[in-house]
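Chemist: Spelled out from the first residue to the last, the chains are:
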Amino acid sequence: GESVGLHLPTLSVQEGDNSIINCAYSNSASDYFIWYKQESGKGPQFIIDIRSNMDKRQGQRVTVLLNKTVKHLSLQIAATQPGDSAVYFCAEKYTGNQFYFGTGTSLTVIP
Amino acid sequence: DSGVTQTPKHLITATGQRVTLRCSPRSGDLSVYWYQQSLDQGLQFLIQYYNGEERAKGNILERFSAQQFPDLHSELNLSSLELGDSALYFCASSVGPRTGPDTQYFGPGTRLTVL
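Protein sequence lines, in the order shown, are assigned to chains A and B.
Residue numbering for the first sequence follows the working numbering, starting at 1 and increasing by one per position.
Residue numbering for the second sequence follows the working numbering, starting at 1 and increasing by one per position.
It should be emphasised that the hints constitute simulated quantities derived from the structure, not laboratory data.
A hint or two may mislead.
[What the hints assert, rightly or not] Straight-line alpha carbon distances no greater than 30 angstroms define the calculated DSSO-like cross-link-like pairs of lysine-lysine that follow:
(1) Lys9(B) x Lys42(A)
(2) Lys71(A) x Lys57(B)
(3) Lys56(A) x Lys42(A)
(4) Lys68(A) x Lys57(B)
(5) Lys56(A) x Lys71(A)
(6) Lys42(A) x Lys57(B)
(7) Lys56(A) x Lys68(A)
(8) Lys9(B) x Lys57(B)
[Said to hold, decoys possible] Negatives, chain B to chain A, calculated, CB over 10 angstroms:
(9) Pro8
(10) Ala14
(11) Thr15
(12) Leu43
(13) Gly52
(14) Glu54
(15) Gly58
(16) Asp71
(17) His73
(18) Glu82
Keep in mind that this is a model prediction, so the values were computed, not measured.
The C-beta atom is built at its ideal place from N, Cα and C for all residues, glycine as well.
Sequences are here, hints too, so could you generate the full structure?
Modeler: This is the structure in structure tokens:
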């Protein structure tokens with residue numbers, strides 16, 4: 001079956017540095033991607049999305065890059081803050097509105 | 001706050017029992033999705049309802065069932081519970097099928113513990 005995977009299960013960064021979280025997807029027909037943030041004890045929170053007809057999308061301190069050639073997605077967080085510590089999931093959509101999620105990357109921000 | 005509510009927050013029960021989890025979608029959303037998240041696992045899609053009708057089915061066990069009511073709230077029923085059913089159960093809602101992306105917004109989840 002199709003899978004959404006993450007390159008690194010954990011990531012530690014110094015406060016103020018930039019963070020990059022990567023995600024590989026396997027279905028070239030996926031046309032929409034979302035990054036979610038999940039803090040301990042809470043539900044996933046929408047961060048940013050990107051359609052397959054785009055390469056890059058910027059939000060507030062976050063940027064998502066999509067490389068369809070190698071089926072790779074990344075989330076960049078600028079000036080990482082302690083409040084950014086969480087698990088980050090990428091999700092891809094390719095069948096109706098059904099999403100497939102990766103297992104997540106745990107980001108720890110070191111003060 | 002996503003606008004999606006789930007009750008209860010925590011549920012502790014015994015093997016063989018049956019429980020019902022409840023979800024109220026965001027105002028205006030017609031689609032409801034149920035997910036299971038086990039320890040160290042990603043979100044596993046269980047089932048989707050749109051305006052009262054089942055829309056898509058994922059890895060949902062036969063012991064599990066769901067429905068969406070006319071007021072659009074949804075319930076997930078888990079029966080003959082096993083230890084392995086212990087997990088976080090999330091509900092998400094979206095506006096509904098339409099052209100283009102239809103972002104899902106998640107509730108806070110129900111933590112189920114089966115003893």
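Chemist: The output says Leu43(B) does not contact chain A. Does that hold with a beta carbon cutoff of 10 angstroms?
Modeler: About 4 angstroms separates Leu43(B) from the closest Cβ of chain A, which leaves it inside 10 angstroms; violated.
Chemist: Measuring Cβ to Cβ, find out whether Gly58(B) lies farther than 10 angstroms from everything in chain A.
Modeler: violated (7 angstroms)
Chemist: Is it correct that the beta-carbon of Gly52(B) has no partner in chain A closer than or equal to 10 angstroms?
Modeler: holds (16 angstroms)
Chemist: Is it correct that the beta-carbon of Glu82(B) has no partner in chain A closer than or equal to 10 angstroms?
Modeler: Per Cβ check, Glu82(B) is outside 10 angstroms of chain A; nearest 22 angstroms; holds.
Chemist: Hey, is His73(B) genuinely clear of chain A, shortest beta carbon separation above 10 angstroms?
Modeler: Holds, since 17 angstroms exceeds 10 angstroms.
Chemist: Does Lys42(A) sit within 30 angstroms of Lys9(B), going by the straight-line distance between their CA atoms?
Modeler: Holds, at about 10 angstroms.
Chemist: Has the given pair, Lys56(A) with Lys71(A), been kept, meaning a C-alpha gap of at most 30 angstroms?
Modeler: With Cα atoms ~14 angstroms apart, Lys56(A) and Lys71(A) stay inside 30 angstroms; holds.
Chemist: Taking 30 angstroms as the top limit, are the C-alpha atoms of Lys42(A) and Lys57(B) close enough?
Modeler: Given that 30 angstroms is the threshold and the Cα spacing comes to 24 angstroms, the pair holds.
Chemist: For the pair supplied as a hint, Lys9(B) and Lys57(B), is the alpha-carbon distance within the 30 angstroms limit?
Modeler: holds (24 angstroms)
Chemist: Starting from Lys56(A), check that the Cα of Lys68(A) is at most 30 angstroms away, please.
Modeler: Judged against 30 angstroms, a Cα distance of about 11 angstroms means the pair holds.
Chemist: Compare the distance between the alpha carbons of Lys56(A) and Lys42(A) with 30 angstroms, and conclude whether the hinted pair is satisfied.
Modeler: Holds: Lys56(A) and Lys42(A) sit about 28 angstroms apart, inside 30 angstroms.
Chemist: Can we trust that Ala14(B) is non-interface, i.e. its beta-carbon lies farther than 10 angstroms from all of chain A?
Modeler: holds (24 angstroms)
Going down the numbered hints, you'll see the structure goes against 12 and 15, while the others check out.
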